[in-house]
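**Q** Chain residues, written in single-letter form:
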Amino acid sequence: MGIADILQFAFFQRALLAGTLIAVLCSVLGIFLVLRRLSLIGDGLAHVTFGSVALALLFRFQSVYTSIAAIPAVLLSAIGILKIAEKARIYGDAAIGIVSSLGIACGILLASLAGGFNVDLFSYLFGNILSISREELIVTAVLFVVVLLTVAFLYNELFAITFDEELATTSGIRVGLANNVLVLLTALTVVLAMKVVGIMLISALLILPAVSALQLARGFRTAMFLSVCLGVVSVVGGIFGSFLLNLPTGATIIIFSFILFMAASLLKRARG
Amino acid sequence: MQINAISIAGLSFAYQGVDVLRDITCAIPTGDYVGVVGPNGSGKSTLMRCLLGLNRVERGEISLFGVPLATFSDWHRIGYLPQGLQLFNPNFPATVEEVVRLGRLAGKRFPRRFDKGDTTAVDKSLELMGIASIRKRLIGELSGGLRQRALLARALVNEPEILILDEPTTALDPDTRENFYKLLHDLNTERGTTVLLVTHDSSTVGLYASRLLYLDKRIVFYGTFQEFCSSSDMTGLFGHQNQHLICRRH
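As they're listed, the protein sequences go chains A and B. Just so you know, the first sequence maps onto residues 0 to 271 in numbering that gives the first Met the number 0. Just so you know, the second sequence maps onto residues 0 to 249 in numbering that gives the first Met the number 0.
These aren't lab readings, by the way, just hints derived from the structure by calculation. Note that beta-carbon positions come from the ideal geometry of N, C-alpha and C, so glycine has one too. Honestly, I wouldn't trust all of these hints.
Stated by the list, open to error - To give a feel for the contact side, a few chain B residues facing chain A, derived at Cβ under 8 Å:
| id | residue |
| --- | --- |
| 1 | 67 |
| 2 | 70 |
| 3 | 77 |
| 4 | 90 |
| 5 | 101 |
| 6 | 105 |
| 7 | 134 |
| 8 | 137 |
| 9 | 139 |
| 10 | 207 |
Said to hold, decoys possible - Pulled from the structure, derived: some chain A residues nowhere near chain B, Cβ distances all over 10 Å:
| id | residue |
| --- | --- |
| 11 | 153 |
| 12 | 155 |
| 13 | 172 |
As the list claims (entries may be wrong) - Restraint ranges, calculated between C-beta atoms of paired labels, are given here:
| id | chain 1 | residue 1 | chain 2 | residue 2 | range |
| --- | --- | --- | --- | --- | --- |
| 14 | B | 140 | A | 114 | 54 to 64 Å |
| 15 | A | 87 | B | 230 | 22 to 32 Å |
| 16 | B | 110 | A | 267 | 52 to 62 Å |
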């Protein structure tokens, strides 16, 4: 079966479109998160998503509503991570660890109540973008527009707080607000990305394109552009690869992304 | 009536229960050049951070240009050069030009967009600091001295009326340090920029600064160098030798 034949399938078209939109979001936000040393926030929020998904499956929600139902819990957890770090005066990674383990614990309890791990839960844990429905694609597109427009409006503020929070404060930027917006946008993106690569691999989709771009970029805007290109290539390449080789999609995307990271690192070394 | 650039009244600050600043009261007139000196842990940097709103003031009041700090929003009138960046990442992918341009956000309202005026201001500031030729280099690739010049270009990009510098010359070699002080002097005398310079180097601060603020959790001395050098109280406090060290180059 050739590529032209594969592209005839409606499910494949939906997967490519949704995957591309989510790759763009993950790559853009990944640059801010990696440079702000918040790389693992995606992991923490993904684990919260696991709890929410287990709850939705317990109540036998339809697939599209499972994602939507996860949004409030993940948004609250995102703010929770910031608040715990601020109020308890602990480092961000410890706050992420607390919320992350709580999410996993809730997920395991709820999955147990639902009669154990079933096929649906596995599809969220490991991703299955080829099964994305039309309704899920619409939700993805709407959230894509919301997240990307917000980043576009706040681009300079986010750049400033990423470079140095204190200098940003002395420029009159409301650092706390900008931080909140960044983690909320990340939370929305994590909910979308769980269908693409699965809860277990979301953080890789946030981190790998960004760190690959940072190997090569000479300028912040260039870094973001490169990250988006690498993220989209990873997802599209991974979807094709998984379909042609009959491999799990999420894992194939991440392996593809890792290969690009290795290539970027080698290129950086070659450039000196 | 001339409004003071900075007014501080009864400012006290404690960190985790330990007093760092006690009852600080002083006014810095517009156009002054104040050298802030004192031993390690005397609260110099804390005072600067309070002025910039980086530390929440618990007791006392601070006004910038007569406006209480809590409601002050004209941050483009203030330039700040820290000793170093908070959590500087040497792999940060920002160019010198991008970093300097960030300083222009201070004068903007949402949505903060850059325009041609910003490009002109950035060019001017880079020229002033003599770093126009390295505008496309990454900030993390620069030596400590060049990075400080880039950050000073950022602090100066709005032509601020107050310039607050917290031990800015630590990473600089002697020649660069001399040029740096000369530049501050020129900004003060030619543009009328109010300069507040925190330094460990009390022996050279008298070269350019017009006033001395000696801090040791409280204000030990605040006045002109002439007053400091002729004060028998200060001789008693510092000893002849130390007083002479501070006064000899003034």
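**Q** Do the numbers back the hint for residue 207(B), that is, is its least Cβ distance to chain A under 8 Å?
**A** violated (23 Å)
**Q** Grab the minimum beta-carbon distance between residue 172(A) and chain B and tell me whether it stays above 10 Å.
**A** The assertion about residue 172(A) is violated, with a minimum of 7 Å to chain B.
**Q** For the restraint on residue 67(B), tell me whether the closest CB of chain A is nearer than 8 Å.
**A** violated (15 Å)
**Q** With respect to the beta-carbon atoms only, verify the hint that residue 140(B) and residue 114(A) lie 54 to 64 Å apart.
**A** holds (58 Å)
**Q** A closest beta-carbon separation below 8 Å is what the hint needs, so does residue 101(B) meet it against chain A?
**A** holds (5 Å)
**Q** Can you verify the interface hint for residue 137(B): is its Cβ closer than 8 Å to any Cβ in chain A?
**A** Holds. Min distance 6 Å.
**Q** Quick check for students: does the CB of residue 155(A) sit more than 10 Å from each CB in chain B?
**A** violated (5 Å)
**Q** Just to be careful: measuring from the Cβ of residue 70(B) to every Cβ in chain A, is the smallest value less than 8 Å?
**A** At about 12 Å, which exceeds the 8 Å cut-off, the nearest Cβ of chain A leaves the hint on residue 70(B) violated.
**Q** Minimum Cβ distance from residue 139(B) to chain A below 8 Å?
**A** Status violated, d = 11 Å.
**Q** So the hint says 52 to 62 Å: do the beta-carbon atoms of residue 110(B) and residue 267(A) match that?
**A** Violated, at about 34 Å.
**Q** Over 10 Å to the closest beta carbon of chain B is the bar; see if residue 153(A) clears it.
**A** violated (8 Å)
**Q** Is the shortest C-beta separation between residue 134(B) and chain A less than 8 Å?
**A** Hint violated; residue 134(B) Cβ to chain A Cβ min 11 Å, cut 8 Å.
Hints 1, 2, 7, 9, 10, 11, 12, 13, 15 and 16, counting from the list given before, are not met by this structure.
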